[in-house]
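Model the full structure from these sequences, guided by the hints.
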Amino acid sequence: MGVRPQARAGEDMDTMSRLSCERAVRQFFAYLDRALSGEPLEALEAHLEACLDCCDKLQFSRQLDAFVKGRLGEAPLPEGVEARIRREIAAAQAGTSGSGE
Amino acid sequence: MQPGDAYPGTMSAADPDRGSASEPGRGFEELTLPHLKSLYRLAIRLTGSATSAEDLVQETYLKALQAFSGLRDPGRARPWLFQILSRLVTDRNRADRREVPIEDTHELDRFSLYDRIADEDPFPYSNRLHDDFLAQFQDEDVRRALLGLPEVYRVPLVLVYAEEMSYRELAEVLGCPLGTVMSRLYRGRKALERELWECARKRGLVKTWIP
Chain A
1 MGVRPQARAG EDMDTMSRLS CERAVRQFFA YLDRALSGEP LEALEAHLEA
51 CLDCCDKLQF SRQLDAFVKG RLGEAPLPEG VEARIRREIA AAQAGTSGSG
101 E
Chain B
102 MQPGDAYPGT MSAADPDRGS ASEPGRGFEE LTLPHLKSLY RLAIRLTGSA
152 TSAEDLVQET YLKALQAFSG LRDPGRARPW LFQILSRLVT DRNRADRREV
202 PIEDTHELDR FSLYDRIADE DPFPYSNRLH DDFLAQFQDE DVRRALLGLP
252 EVYRVPLVLV YAEEMSYREL AEVLGCPLGT VMSRLYRGRK ALERELWECA
302 RKRGLVKTWI P
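Residue numbers (our numbering), protein chains in the order written: chain A, 1 to 101; chain B, 102 to 312.
Keep in mind the hints are simulated off the structure, nothing from the lab. Do not take every clue at face value.
To be verified - With a straight-line Cα cutoff of 30 angstroms, these simulated DSS-like cross-link-like pairs (lysine-lysine) come out:
no.	chain 1	residue 1	chain 2	residue 2
1	B	Lys138	A	Lys69
2	A	Lys69	B	Lys303
3	A	Lys69	B	Lys308
Below, the structure written as structure tokens:
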């Protein structure tokens with residue numbers, strides 16, 4: 001997990017920026033999804049600079065995200081589906097249901 | 102969106118003179134069929150079944166065809182199609198009464214799989230405790246955990262995990278503000294963590310029950 005030779009959570013909040021651990025954790029996923037910017041991003045990064053516990057938790061969240069993505073597996077389009085969709089579109093455009101196929 | 106509400110653009114479907122950016126017929130297939138593989142990929146991850154996914158995708162295309170003249174920006178065909186498919190899933194779950202009620206969000210917000218693993222310490226001799234915990238799960242466990250989530254969380258999570266969709270695109274697909282997207286993704290991940298913990302508990306890997 002992440003290693004930062006700084007304070008543990010709750011040890012010295014003055015040096016960890018104004019963001020609490022609870023609020024920092026709530027920003028983790030937006031941070032991992034690259035959806036944070038500006039002041040919220042700066043506040044979180046300042047907190048992470050000072051909080052080893054949150055660094056470890058962030059690293060686990062990152063690991064969990066990669067783990068889930070890696071286990072979704074492939075989902076190739078089965079043969080015949082595109083042809084079926086094309087037929088249904090054609091039938092709908094012709095004003096028929098196409099459900100008899 | 103409530104059952105029976107119009108799908109995006111549906112209101113103008115029967116009016117070919119409405120002056121939309123898209124054109125019925127050949128234009129529909131050209132604009133939408135390139136997204137068929139992504140739609141199927143999303144559908145199978147939302148339904149867990151190839152048959153259901155095929156039916157869902159087909160229904161999506163038929164809804165999209167009806168609504169096509171309302172698609173004002175052909176460049177937005179992808180989020181538009183994803184939006185139609187997502188709303189069909191929402192409507193189906195509502196109609197089937199299969200949707201899990203959203204649990205106590207306060208409890209969910211505070212759940213931490215990281216802390217649970219550290220507290221219970223299921224591998225006392227491991228120096229890679231959290232890695233070893235995750236290594237216990239098979240692909241099917243993860244897919245089942247995702248399928249166990251309420252649809253309000255499952256849809257955005259799958260769109261992020263499988264399609265790497267941006268928050269802005271997600272807001273468009275889900276029809277909600279960015280803040281709601283962030284909140285659903287946070288709670289969705291927490292709900293997924295709980296599902297994984299519950300899966301580990303059922304296997305006897307951990308003992309702490311989550312009320």
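Hint check:
With a C-alpha separation of about 18 angstroms, the suggested pair B/Lys138 and A/Lys69 falls inside the 30 angstroms cut-off, and the hint holds. Distance hint between A/Lys69 and B/Lys303 is fulfilled; the C-alpha atoms sit about 23 angstroms from each other, no more than 30 angstroms. For the given pair, A/Lys69 sits about 27 angstroms from B/Lys308 by alpha-carbon distance, which is consistent with the 30 angstroms threshold.
The earlier numbered hints are all upheld by this structure, with none contradicted.
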